Amino acid sequence: MTEDLSEDLSQKLRQLRDAGLAPPVLDSIKRRMRKLERPVNLMEVCGTHTVAISRAGLRQILPPGLRLLSGPGCPVCVTDQQDIDTVIELAKEPGMVLTTFGDMMRVPGSDSALQSEKAAGRDIRVVYSPLDALKVARDLPDRTVMFYAVGFETTVPMVAATLEMAEKQGLSNFWVFSVHKTIPAALEALIHMEGARIDGFILPGHVSTIIGANAYKPVLQGKVPAMVTGFEPLDILRAVDLLLAQLVEGRAEVEIEYTRAVTEEGNPTAQQLMAEFFEPSDPRWRGLGIIPGSGLMLRERHFRHDACRRYDLAAVRSRLPAPNKLMAACSCGEVLKGALLPGDCKLFGRACTPAQPVGPCMVSSEGACAAYYMYERHRQQGG
Amino acid sequence: MEPRILLAHGGGGGASHRLIQEVFYRYLGNDILLQGNDAAVFDVVPGKLAMTTDCFVVQPIFFRGGDIGKLAVCGTVNDLAVSGARPLYLSLGLIIEEGLPVELLEKVVASIAAACLEAGVKIVTGDTKVVEKGKADQLFINTTGLGIIPESVRVGGEMARPGDLVLINGNIGEHGLAVMSERAGINWETPILSDCAALHGLIAEAMEAGAVHCLRDPTRGGLATTLNEISRQSHVGIILEENAIPVSGAVRGASEMLGFDPLYLANEGKVVVIAPPASAKAILERMRRHPLGKDSAIIGEAVAEHPGLVALKTAFGGERLLDMLEGEMLPRIC
Ligand code: SF4
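In order, the protein sequences belong to chains A and B. FYI, numbering that gives the first Met the number 0 numbers position 334 of the first sequence as 333, with every residue one higher than the one before it. FYI, numbering that gives the first Met the number 0 numbers position 110 of the second sequence as 109, with every residue one higher than the one before it.
Next comes chain B alone, as it looks inside the complex (with noise of 0.2 Å):
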């Protein structure tokens, strides 16, 4: 293989061949990809079936704690899991400017094929087009996910009702911020990581343990944000306890520097579960035990007042509304 990406290799010839043996076959080859053919076929399962997609143009595309690859499965089979699917395939398609050197590209796909297995998921179709230099930004990436949904699950951001509680599986805003610093070159002396993880076994666990009625998980626009959307189709109000909501010493010091707020900031391993007060015990234990589960804790209870409204507890004993925000806190994150 030649050092670096040249247009050739989205041409459709003898490079663009050698580039998905040597690379996409190489690390990512299953039985329904090495059919080869122009549709990836596959049976279908019983249930409904879940289907999404996200592209993805987070730059830097190597940060701590994850890179564009393992963000590229986990936003998405978290996009499948958090609408109660068992996610199952995946489709990849890239866009590569002209002159990425290869070695990076492999690593790239090393890491997505590292986030495919823990996934449980397999890469089943894709795509590569080479761009001239400057007319795209390193890599680009985007993925399509399949699912299926068990015919008993029903979840959705318009079933939380008064009443039920508001649960979180740990430390909010790490994946902003660490993108966020790659970006402006501040190394923080406790490095902050992305929290970038696929959340389908938790979640599976969550719903295990009890009913639930929402999932969603915070990412671009942070915690804030998903619940003005949750309250806003759910025409509940939402009140959040600030003192119960973990956030890690790190992130808290950052963001005031910075002058973020936490509340806001994306992450790419939490999900949001919103569940009746009868099963929310039951839930938090069962999540408090998974790896990713550990600081789990119940944030906020959803009420009749104030319909589309989220309002924040302060650590004062005050009360104040959490808004939407007006525009971006930080581009390209994801």
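Pulled out of the complex, with its shape left as it was, chain A reads as follows (with noise of 0.2 Å):
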């Protein structure tokens, strides 16, 4: 490594960080709003768009009236109470090594976390990877080890490459427990929900990559003006810009601002992968309910290393602890919708802060909850 490569990125990442380049845009959106005379909700729907709006403090600069709402974009966040707690009664079985992605560990389940199941004594382990998971199933051929795969499209790809490396390697202990979402059907779903105020939407990056922005045009497209939009807070102001002007004159298209990294067609080597493994179920959201074909569960033929397939996941369920009172109060479902601000949440920097979180919002860096009480915080004490 260089200076000379950092030298060059820094640059490019400069050029967009570049506050200077953003008073024109700043000024377009103010004109834009004037012309629109109404108030505007534009919707960033990835947890990596909301902390980079707050790092840079976008939502202060921008004109009254035009709000931005955090959405479902947080896999950790989204994911349902009950599948989080079926998780921790899974970890109890014989033989069982659950391997999982640091921030799960710290998700409140309705009486215990993984965390604590890991203090008591249960081989819980924190992977970077799936294939880390993988290797734990190879070193280990006599447990059963357990991969819990929480994520959109961006990290399913992944955990399809590792069960094709698991066929191959004919290892039978490593099982994949799949709560993976998908991002264009909980779009769908969120447009038709009652009370819905959502006037555009800053669609994710790193999705997109994968799935290409045409995966969006049947859900979106002629409805609600979209923007696939990237993570620097230039990206992001141009997005809102681009938005405005689609709502301006009266559009309702998927366009991509996130050019240097997202196409049309997205990634087809990583969407036949996922295809080869998984298909879309119908899931539970946090907030948001069952939606049809919102979920991706492993295909019948792989059944060999589907955990969900090889427990018997009622009578697991019929042992689950009852929902606890305080995480009744948590607000997340609604954060998640773009219907309440964290702020407004009672818990909020009270009962519930990054070091003792009441729901997932709080847990994930990338979840809404998290990324106000680290950022914004300040602003919510009347100071």
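For the record, the hints were derived by calculation from the structure and aren't laboratory data. Only a predicted model underlies this, so the values are computations on that prediction, with no experimental measurement involved. Note that the Cβ used here is the ideal one computed from N, Cα and C, for glycine as well.
Below, a list of computed lysine-lysine pairs in the DSBU-like style, where the Cα atoms sit at most 35 Å apart: (1) B/K132 <-> B/K121; (2) B/K106 <-> B/K134; (3) A/K34 <-> B/K312; (4) B/K312 <-> A/K29; (5) A/K345 <-> B/K312; (6) B/K132 <-> A/K134; (7) B/K47 <-> B/K293; (8) B/K280 <-> B/K312; (9) A/K117 <-> B/K134; (10) B/K132 <-> A/K117; (11) B/K134 <-> A/K134.
For each label pair, taking beta carbons as the anchor points, the in silico distance ranges come out as: (12) B/L192 <-> A/E248: 46 to 56 Å; (13) B/L192 <-> A/K34: 49 to 59 Å; (14) A/V125 <-> B/L33: 47 to 57 Å; (15) A/L139 <-> B/G307: 43 to 53 Å.
Relying on the hints, combine the two individually framed chains into one complex.
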């Protein structure tokens, strides 16, 4: 690694972070808002965008009447409570080695959390990639190694590639518990939800590199303006401006601001890999309920690695603890729909903080509550 | 001397004696140390005494811009200096891993001697222990420092007031990145050097130039953590201007590549000065004339709003909170 490389990279990023380029975009945003003469709600679907917006302080420089709402694009946050409790219960199965991404360790279950189970002696391991989980399975042939697969289309291809490898290597002790979800179906559900007031979508960048802008068209084209957007502050400002342009012109199209990474078609290799191993399912989302076709489960022919088929989930669920009172007061579901801002939750910053989260939106660094707590809570003190 | 440190060098016998004579006395000898008694004895100067102690476990022990010895002197000298004290005496405790080449130890002790000379302090007492191979990592150092605070001086983390201005004496993030890069074996084309330096001279000049409320060295946890501590202690809010905070291009680029935020990276030669607006300008000018303060800048102010919290005015004109980090960003950097 040389400084050349870092200079080059930082130069490119610097151009996008160059706050000096923001004023003309902001002026244009203001002009369009004046033309529209009404409040506008734009939803940033993806948690990475929420963090970028909070970090750059973009909310305060946008004209009044233009609101950015956080959406259901943080995979940890949208995981249903029953799934969380089920996995905690599965961790207690004899011989089980549960592997998962770090954030899931801290997500509160109704009466436990994976990190508490680990402390109590269950074999639960944090991995950085499903491939690490596969390695655990190879090293411990006598154990059941289950990967708790949480994520959107961004992470699914990697899990599919891992499954492919497991089959090649004939590893019969590697299992995947898939709570994977897909973004376009969730957006469709959101716009049809009662009281939805979303005038435009800032669409995720990473997910879109895989599925391409075309994947949103059946759902959004002609209904709600949408913009696939990069992660730098200037990307986001430009996307806001382009979405307002659509509103002014009365269009509702799926467009790409993030052209340096995203195409209309996406990544066909990754899509094929996903389709080989997964098929659509009808999962329950936190706050959004059951959304048909918005999940991904293992195809039947790969049942040898499907933890959902290996265990009698109905029996496991019958053992689950009753919902807990504090958690019932968590408004994550409303936050994920853009119906509430994190600060509107009674528990925000009081009973619920990143050190002691009540809901998953406060656990994941990409969760809306965590982002508001981390970057914007000083404004909620009345300061 | 043997080429490597043996357990016997810490045993109190002949080998220990040789090590003391040939390494420690040779480099660090002064009137008080050479008294050779169980405790150093010296006269007390009028004023308030300030005392501080710090352990150093940095790995690697040599890095660009410094080494564990220089760090052990500067770190403790700076802790005294930011308390408003004139640093006078240090103790030096070493825990050495068996097998350390004596040549390396000598290099470290020579560096300690050079740093003491520069800081105008004396090592007046010390101790050495040797532990079996694998029970320590080359060399750990503890230094304790004594200094005198003149009667007239009163600074402290609890003294910031709304309206006060926040100053820093130059580019942030260099020490943390220098050590981290060394450890990861990354050679930046423009090397990033640790800023490790004794700040007592600069601080004395700043205090001479005008009234100062708080002084603190933003070491572990960086500028963001230090200002959070001060805002809590003083019950004030602090607002920083992102554009005003000095960061070198090399540190900015490297941080971006490695995913660090310079605001949270450790410094070993930086001091945050918080001063009332009436004196801040004069202090800034004086700091800029000092070799360790050429890039000094006013980077923010204390406010009555959001007491205990630090906010950053971003380059985009928005504002966000600059929180304390949970956990450690980089281990063993000092
Ligand atoms: S602040 Fe906590 S309890 Fe409230 S919605 Fe967010 S995660 Fe749930």
